[in-house]
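Asker: All chains, please: the whole structure from these sequences, using the hints.
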Amino acid sequence: MTTFLQYTLSGLAIGGIYALVALGFHIMWSAAKAVNFAHGDTLMIGAVLAVIGIDVGLPLWLACLLAIVAGGVFGVLLERFAVRPFLGGATSIGWMLTTIAVGIMIESLATMQFGGFSRALPSPGVAQAVHIFGAGVYPQELLIPVVALIAMAGLKLMQKRTLIGRAMQAVAHDKRAAALVGIDVDRIVAFSFGLSALFGAAAGVLVAPVIQASATMGALIGLKGFAVAIIGGITSAPGVVIAGLAFGVMEKFVEGYISTAAREIIGFSVMILVLLAFPQGLFGKKEVMKV
Amino acid sequence: MKHLHTLGFLAFAAWLVAVPVMAGNEYELRLFMLFLIYGVIAVGLNVLVGLTGLVSLGQAGLFALGSYTGAILATRAGFDMISASLAAAVVAGLFGVLLAYPTVRVRGVYLAVVTIAFGIIVENVAIEWQSLTGGTTGITSIPAPNAFGWRLSGYAFYGVLAVTLFLATLATHNLKTSRFGRAMLAVSQSETAARALGIDATGVRTLAFVVAAVTAGLAGTFYAFLNAYISPDIFTFSDSVRFLLMVILGGAATTFGPVLGAYLLTYLPELLQQFALWQKFAYGALLLLVMFALPKGILGTLAGLVKRFRPTARAVSIVGAVPAEESLRQPDKALAAELVARGLTVRFGGLTALSNASVRVKGGEVHALIGPNGAGKSTFVNTISGFYRPAEGDCELDGVTLTGLKSHQIARVGLSRTFQNTELFGEMTVLENVIAGYQRRLTYSVVDAVLRTPRMRREEAEARRVAIGLLAFVGLEDYANEAARFLPFGLQRRLEIARALAAKPRLLLLDEPAAGLTTQEIDDLEAVIRRIASLGISVLLIEHHVDLIMAVADTVTVLDYGQVIASDTPSVVQDDPKVIEAYFGTSLHGAEGEKVA
Chain P
0 MTTFLQYTLS GLAIGGIYAL VALGFHIMWS AAKAVNFAHG DTLMIGAVLA
50 VIGIDVGLPL WLACLLAIVA GGVFGVLLER FAVRPFLGGA TSIGWMLTTI
100 AVGIMIESLA TMQFGGFSRA LPSPGVAQAV HIFGAGVYPQ ELLIPVVALI
150 AMAGLKLMQK RTLIGRAMQA VAHDKRAAAL VGIDVDRIVA FSFGLSALFG
200 AAAGVLVAPV IQASATMGAL IGLKGFAVAI IGGITSAPGV VIAGLAFGVM
250 EKFVEGYIST AAREIIGFSV MILVLLAFPQ GLFGKKEVMK V
Chain D
0 MKHLHTLGFL AFAAWLVAVP VMAGNEYELR LFMLFLIYGV IAVGLNVLVG
50 LTGLVSLGQA GLFALGSYTG AILATRAGFD MISASLAAAV VAGLFGVLLA
100 YPTVRVRGVY LAVVTIAFGI IVENVAIEWQ SLTGGTTGIT SIPAPNAFGW
150 RLSGYAFYGV LAVTLFLATL ATHNLKTSRF GRAMLAVSQS ETAARALGID
200 ATGVRTLAFV VAAVTAGLAG TFYAFLNAYI SPDIFTFSDS VRFLLMVILG
250 GAATTFGPVL GAYLLTYLPE LLQQFALWQK FAYGALLLLV MFALPKGILG
300 TLAGLVKRFR PTARAVSIVG AVPAEESLRQ PDKALAAELV ARGLTVRFGG
350 LTALSNASVR VKGGEVHALI GPNGAGKSTF VNTISGFYRP AEGDCELDGV
400 TLTGLKSHQI ARVGLSRTFQ NTELFGEMTV LENVIAGYQR RLTYSVVDAV
450 LRTPRMRREE AEARRVAIGL LAFVGLEDYA NEAARFLPFG LQRRLEIARA
500 LAAKPRLLLL DEPAAGLTTQ EIDDLEAVIR RIASLGISVL LIEHHVDLIM
550 AVADTVTVLD YGQVIASDTP SVVQDDPKVI EAYFGTSLHG AEGEKVA
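Which chain is which? The protein sequence lines are P and D, in order. Per numbering that gives the first Met the number 0, the first sequence starts with residue 0, numbered consecutively. Per numbering that gives the first Met the number 0, the second sequence starts with residue 0, numbered consecutively.
Since the hints were derived computationally from the structure, they do not count as laboratory data. Each hint should be verified, as a subset may be incorrect.
[To be verified] DSS-like, lysine-lysine: derived pairs with alpha carbons at most 27 Å apart:
#1 Lys285/P x Lys32/P
#2 Lys251/P x Lys174/P
#3 Lys284/P x Lys159/P
#4 Lys284/P x Lys405/D
#5 Lys32/P x Lys306/D
#6 Lys285/P x Lys159/P
#7 Lys295/D x Lys175/D
#8 Lys361/D x Lys175/D
#9 Lys32/P x Lys159/P
#10 Lys32/P x Lys155/P
#11 Lys405/D x Lys32/P
#12 Lys285/P x Lys405/D
Answerer: Here it is, written out as structure tokens:
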């Protein structure tokens with residue numbers, strides 16, 4: 000029972016990170032039918048910059064805030080210079096390869112600057128573990144899935160209540176029609192990439208105290224975030240968050256009962272099987288092909 | 000261009016022969032042999048990237064899969080190098096189907112993610128399944144290269160690799176210039192149009208990925224024998240990026256580009272070794288640079304320059320062409336196809352776009368479907384051609400139920416269509432567009448395509464003759480070698496009709512063919528429609544243009560708010576009070592100067 004609870008709680012923590020990353024993929028895909036393949040590196044930027052911020056003597060809150068803002072700026076710049084020039088094309092090769100290229104460059108730059116090793120971000124959230132029915136978790140771990148759920152609810156609320164949120168939905172539905180009613184589509188797309196990057200960098204800051212920050216931490220988490228988006232259905236925000244949390248819990252159980260290698264094998268195989276059985280993901284909707 | 004390719008292959012062969020002659024010893028050849036192996040991966044990947052426009056970031060995983068399969072078969076089951084590599088190619092191909100099929104039918108972008116994930120799965124299986132793969136220590140006892148019981152010398156092994164790369168390049172070149180390559184290009188340029196022409200987009204993309212997987216698997220075994228040792232950490236994500244970069248840098252979709260890219264990127268790391276830390280960064284920077292400065296790659300850019308300074312003649316000779324009258328004529332006009340749609344209802348969320356609509360297009364007639372904007376005309380067209388699914392009702396063509404079939408299957412039943420917003424294959428020439436329309440009538444196999452058998456050549460030649468005849472039919476023979484996207488709008492519309500006709504339809508569906516045309520062009524269109532109908536092809540015409548409808552239609556059906564409100568001869572419909580009301584409101588006041596429809 001204790002083990003069960005332990006795996007579930009730590010699974011929800013890492014799952015919350017996947018959910019935040021996947022939520023970013025959902026937002027970008029909705030706006031542009033394109034995503035940033037260096038999105039995992041946005042998370043890494045958040046984590047690594049927060050650690051560097053502490054190094055230079057900033058207070059924790061300021062270091063985290065600056066790291067998240069830097070991540071957001073990265074997302075906006077990437078959209079402007081690596082994604083937008085290729086959005087009109089018939090295939091997705093252009094923006095895929097440019098964002099992958101930027102990801103590779105950022106990762107190797109970070110390796111050179113930060114060093115090849117991992118470091119934890121000090122945080123009051125991991126100062127002392129709390130015990131729930133014998134399962135020990137850090138408050139930070141409990142916080143992560145809550146943040147993911149709040150982010151999703153906030154996104155939904157924004158899409159319903161605010162002008163920019165409604166504009167995002169209009170653009171997701173039909174770019175041309177949105178432009179015709181006076182929505183600046185480019186700005187909405189840029190905003191969407193920025194918002195996704197904020198979520199990504201925030202996920203990095205949140206997870207850095209729990210797993211350690213390193214230059215290479217982004218690639219695998221980013222990939223799993225996309226896997227979660229595929230499983231949950233990239234067109235559904237609640238879908239990707241639920242899938243993210245579930246994926247995290249599943250990982251912890253496989254890791255606990257079998258091995259780390261089995262975790263990756265089973266996790267990604269589940270993605271392929273879901274794709275086979277539910278092409279649009281568990282909660283996704285089919286996008287109507289406009290003829 | 001054709002002679003250039005022949006010359007290219009001769010030069011390529013001469014180079015492959017010259018290199019070992021020039022080399023001082025077997026050992027010097029080693030790096031070049033590594034290039035040959037990478038080249039095999041790159042030419043296969045080119046089919047996926049260059050032709051279908053999809054990206055795989057898991058070629059290293061397939062390469063590893065091939066390596067392990069080959070190495071295990073050689074060390075455990077005593078396979079020689081040749082049989083082990085063939086078995087590895089088959090295994091990789093099967094995994095290719097398994098990965099590609101579920102993925103590419105949803106979104107092409109997913110393929111990149113699924114392939115990266117596959118690379119990670121392979122790596123972890125190799126670590127975990129110690130009894131088979133040796134775990135992290137890998138497989139060390141791989142025998143020296145051998146074939147049919149003979150041990151191969153370094154030069155003989157070189158020969159095997161050189162021949163493999165040469166044949167792989169030739170095979171992918173032949174595939175590119177066949178119906179399969181054409182289908183791949185078509186799907187990447189307009190999936191909608193490709194499907195409407197009977198091309199199975201999912202099947203075509205899966206095939207492309209399988210080609211890329213098979214070559215990677217084959218190359219993997221060769222690599223295992225060259226290295227004599229493999230372990231899970233040899234095959235990294237960086238390698239997958241490097242394979243992709245080989246294709247893009249050399250020139251995606253060109254015949255020799257990937258070979259050139261593989262050569263450059265095999266020797267470049269040797270030069271970059273002094274910048275150890277920056278090496279990875281350099282790959283990223285190079286990829287970014289190529290995407291912005293040289294998106295067509297080295298050979299693609301060169302080919303573009305050649306074309307600019309030595310343009311091919313725009314027109315094509317119609318000597319020997321099969322006249323459209325001959326290629327299109329239906330065997331018996333009395334048997335012309337009849338389309339029956341019964342009670343079609345289509346809903347989008349809360350909106351009912353089509354409500355219990357029944358339309359019957361009698362065999363051999365020109366049937367016009369009209370209605371105010373938003374009446375549901377396009378929905379009707381897209382529903383019978385399989386792009387939308389009706390909530391209720393069904394339709395059939397000559398007794399064959401179309402409802403529930405996919406659009407490419409419907410096209411194969413004999414329905415061809417054009418599009419309101421033209422959907423041409425922009426990068427293909429005008430002639431190639433029409434040959435793409437002929438696609439479903441070509442029946443030769445992949446093997447025929449790769450070997451360029453007489454059957455393949457015969458069918459292709461026939462397709463070309465028919466296509467030229469159709470170009471003459473719509474008056475486009477003078478533009479045959481122009482890229483379709485450079486055609487003026489009016490001619491693009493005509494090209495779409497020629498392309499739709501190339502499929503030899505029994506029912507032709509024209510979706511607002513007169514939109515955006517000049518008066519003169521509309522007169523020409525009228526003549527073309529009459530001639531099509533006279534050949535025994537039933538025509539369903541969606542149109543706003545009243546004069547055209549009155550001139551060519553035998554029957555007019557009027558839609559309003561998704562419902563059929565009238566269906567009769569043009570003159571009767573014109574005076575129908577319900578039709579007048581639909582267009583002008585309750586009275587005729589305020590409708591001066593406008594005509595009904």
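Asker: Hint by hint, say whether it matches the structure.
Answerer: Comparing the hints with the structure gives:
1. Lys285/P x Lys32/P: holds (13 Å)
2. Lys251/P x Lys174/P: Violated, at about 41 Å.
3. Lys284/P x Lys159/P: holds (19 Å)
4. Lys284/P x Lys405/D: holds (19 Å)
5. Lys32/P x Lys306/D: Given that 27 Å is the threshold and the Cα spacing comes to 34 Å, the pair is violated.
6. Lys285/P x Lys159/P: Status holds; Cα separation ~22 Å.
7. Lys295/D x Lys175/D: Holds, because 17 Å separates the two Cα atoms, which is no more than 27 Å.
8. Lys361/D x Lys175/D: violated (41 Å)
9. Lys32/P x Lys159/P: OK: Lys32/P and Lys159/P at ~21 Å, within 27 Å.
10. Lys32/P x Lys155/P: Holds - the C-alpha atoms of Lys155/P and Lys32/P are around 19 Å apart, at most 27 Å.
11. Lys405/D x Lys32/P: Given pair Lys405/D, Lys32/P holds - Cα atoms ~24 Å apart, limit 27 Å.
12. Lys285/P x Lys405/D: Distance ~15 Å between Lys285/P and Lys405/D Cα, so the pair holds.
The earlier numbered hints that this structure contradicts are 2, 5, 8.
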